[in-house]
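S.K.: Listed below, chain by chain, are the residues.
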Amino acid sequence: MKESLVDIQNLDVRFTGARTVHAINDLTLNLGQGETLALLGESGSGKSVTLKTLLRLLPPKRTEIGGKIQVNGTDVLTLSGKALQQYRGAEVSMVFQEPALALDPVYSVGAQIAEAVRRHKGISRDEAMSTALDMLRRVRIPSPERRLRNFPHELSGGMLQRVMIALALACRPRLLLADEPTTALDATVQIQILLLLRELQREFGMGVIFVTHDIGVAVEVSERIAVMYAGQIVEEGTTQEVIKDPRHPYTRGLMAANLHGVARGERLNAIPGAPPSLETRPAACSFAPRCPLAEDACRATLPPVHVPSPRRRIACIHANAPVSAE
Amino acid sequence: MSVIDATVLPGPEAPIDKGGPNQPLLIVKDLKKHFPVRGGILGRNKVMVQAVDGVSFSVRKGETLGIVGESGCGKSTTARLIVGLIEKDAGEIIYDGEGLGDVLSLRDLRRGVQMVFQDSYASLNPRLTIEDSIAFGASVQGLSDPLGRAHSLMARVGLDPARFAQRYPHEISGGQRQRINIARALAMSPRLVVLDEAVSALDKSVEAQVLNLLADLRAELGLTYIFISHDLNVVRYISDRVLVMYLGEVVEVAPVDAIWARQAHPYSGSLFSAMPSMDPDTRTKKPPLTGDPPNPINPPSGCRFHTRCRYAEAVCKTRVPALQPIAAAPDHLAACHLHDLSSGHEKAGKEGLL
Chain A
1 MKESLVDIQN LDVRFTGART VHAINDLTLN LGQGETLALL GESGSGKSVT LKTLLRLLPP
61 KRTEIGGKIQ VNGTDVLTLS GKALQQYRGA EVSMVFQEPA LALDPVYSVG AQIAEAVRRH
121 KGISRDEAMS TALDMLRRVR IPSPERRLRN FPHELSGGML QRVMIALALA CRPRLLLADE
181 PTTALDATVQ IQILLLLREL QREFGMGVIF VTHDIGVAVE VSERIAVMYA GQIVEEGTTQ
241 EVIKDPRHPY TRGLMAANLH GVARGERLNA IPGAPPSLET RPAACSFAPR CPLAEDACRA
301 TLPPVHVPSP RRRIACIHAN APVSAE
Chain B
1001 MSVIDATVLP GPEAPIDKGG PNQPLLIVKD LKKHFPVRGG ILGRNKVMVQ AVDGVSFSVR
1061 KGETLGIVGE SGCGKSTTAR LIVGLIEKDA GEIIYDGEGL GDVLSLRDLR RGVQMVFQDS
1121 YASLNPRLTI EDSIAFGASV QGLSDPLGRA HSLMARVGLD PARFAQRYPH EISGGQRQRI
1181 NIARALAMSP RLVVLDEAVS ALDKSVEAQV LNLLADLRAE LGLTYIFISH DLNVVRYISD
1241 RVLVMYLGEV VEVAPVDAIW ARQAHPYSGS LFSAMPSMDP DTRTKKPPLT GDPPNPINPP
1301 SGCRFHTRCR YAEAVCKTRV PALQPIAAAP DHLAACHLHD LSSGHEKAGK EGLL
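Protein chains in written order, with the working numbering: chain A, 1 to 326; chain B, 1001 to 1354.
Incorrect hints may appear among the rest.
[Stated by the list, open to error] Straight-line distance between alpha carbons at most 25 Å, and here's what the computed PhoX-like set of lysine-lysine pairs gives:
hint	chain 1	residue 1	chain 2	residue 2
1	A	Lys-244	B	Lys-1286
2	B	Lys-1018	A	Lys-244
3	B	Lys-1061	B	Lys-1018
4	A	Lys-244	A	Lys-2
5	B	Lys-1350	B	Lys-1317
6	B	Lys-1347	B	Lys-1317
[To be verified] A few chain B residues that don't get close to chain A, going by computed Cβ distances all over 10 Å:
hint	residue
7	Glu-1220
8	Ser-1277
9	Leu-1289
10	Cys-1309
[What the hints assert, rightly or not] Only part of the chain B face toward chain A is listed, based on derived beta-carbon distances under 10 Å:
hint	residue
11	Ser-1173
12	Gly-1174
13	Gly-1291
Bear in mind the hints are in silico, worked out from the structure with no lab data behind them.
Where a beta carbon is used, it is the ideal one built from N, C-alpha and C, also for glycine.
With these hints in hand, go ahead and build the complete structure from the sequences.
M.R.: Okay, structure coming up:
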């Protein structure tokens, strides 16, 4: 592995309040410098919470966080005040799902990018504006000089997401977090943004954690995939390994549910039931109630983590079993 | 999924097949809907969004027609027009041989055509229990034993009436709510169900369960579906024929295997190749299209796709292409000058382009 960029050790995130939710349970994850990782999972699996924890965006009063997070050698969970401000944006930044909600409607897009640059770099307004212009050019926005003075409502969805990416990358972060950045976009625009992110990643050499529920999107952007279920990583490996040789029954179910190459009229191999509510911390395999291979041991204790090769892991008792021809 | 005793289901109240088996269940002719939006100073200048502009197609009995397209292409407006949720500006809707408005009343149309929406929560009344929601339509239509119907339908879609009948929509999960919406649509024993992005908001694993349910119901009750989705894999799985829309117009209609093998319209081609690859070894190299779809307020002249089409020529800017069968297959229709030898397009009729 290349030099470490993100090192998450035994992360627990629990939301307290009217009801308790164990959103992340004992999550360990590593990312090297310049690597792209897709966090793949369904709603409620904890993928967005992981990103927000990395940026310390969760409400402190209602969140209990345990474990350790290091990004580029910085201990993220102890940051506060100025150091936290400097960390957000300069070291790590984020692209959200709805650019129209993430941008401020009363400032031009150029002013918003320039503001971020001035905050972090302390340069003059003019210099910051020219950085903003350069960023719009890099995200391939046509006629960037004119777009610099546009307000968010004057831009289309795809264009706004490009602006959002320009804003996130303006201070050259080492790590980019992307939370379903193409889910709200049309198909023909989605593929443009995915390819743009791929190019920019190569150009800037940053690490990327890309949250998505769409396997196809994960395949297009990432070199590694981590599959999440009920606040835990159930399977991790390179994109090739996870897609071509999925070992966890949940990953296999997801692949089947993607309908790729399923004949018309054929019955779908659907995963029965629904994800658990996570009101209590899982003491056994969370997927066992829905798993076709579940046995008593799965319901009794947490599953063992198999590590067939370095940086490949599967949290399942059946990980070594031959893949059945379902 | 638990197996449910199908005998408890109230048999569809013998739909009278008025038009005979060869009469398409639904014919839509030259349907138009333009929405006014305010523009200019004080909102005096009225501008029109041409949401649906001259859409024609037919749905045969027992088939599933998939409608695909990007946001703003008019697929949802088309669905709402068919169910009579919004009034059409022009055009005809013919249900089993009877035109809406002249022979067929809206009330009768809704006995036969029902709809399931994308947002499972917003489409249920939060103050009604689930059994009341399902029974409501049936009691309005004066059908016998609405509550009994509701219970057997709940069992049919895989929700135990004893556990769920008294619950409210916020007390159940998204997948369960969408099952309730399907049960509600079926309470009238309709023959055509319009599914507008009905599985799009669900998680993949739950989506597969609902698709299985839809396939079972179609086989058991002899239903006809119009299935609207932006997910081409889902459309391929469930549809017999596919209709592609762009900016309020139909650009291509074809049997599902034919259009998967060969997209006759350049827009369909781009839409299909914009699907993310599922193979890490053959990732997409170049986006098929640049830019976003144009604004439907002032759609481009001539062929509405000419602003983004790589084959566009002068004729595409001026003349609107007609939707007609392509040379290779009579049931494969496309609206593109490339397939019309008399269009004056230089590359018209040349093989291997698309």
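S.K.: Quick one: which hint numbers does this structure break? Sort them smallest to largest.
M.R.: 2, 8, 9
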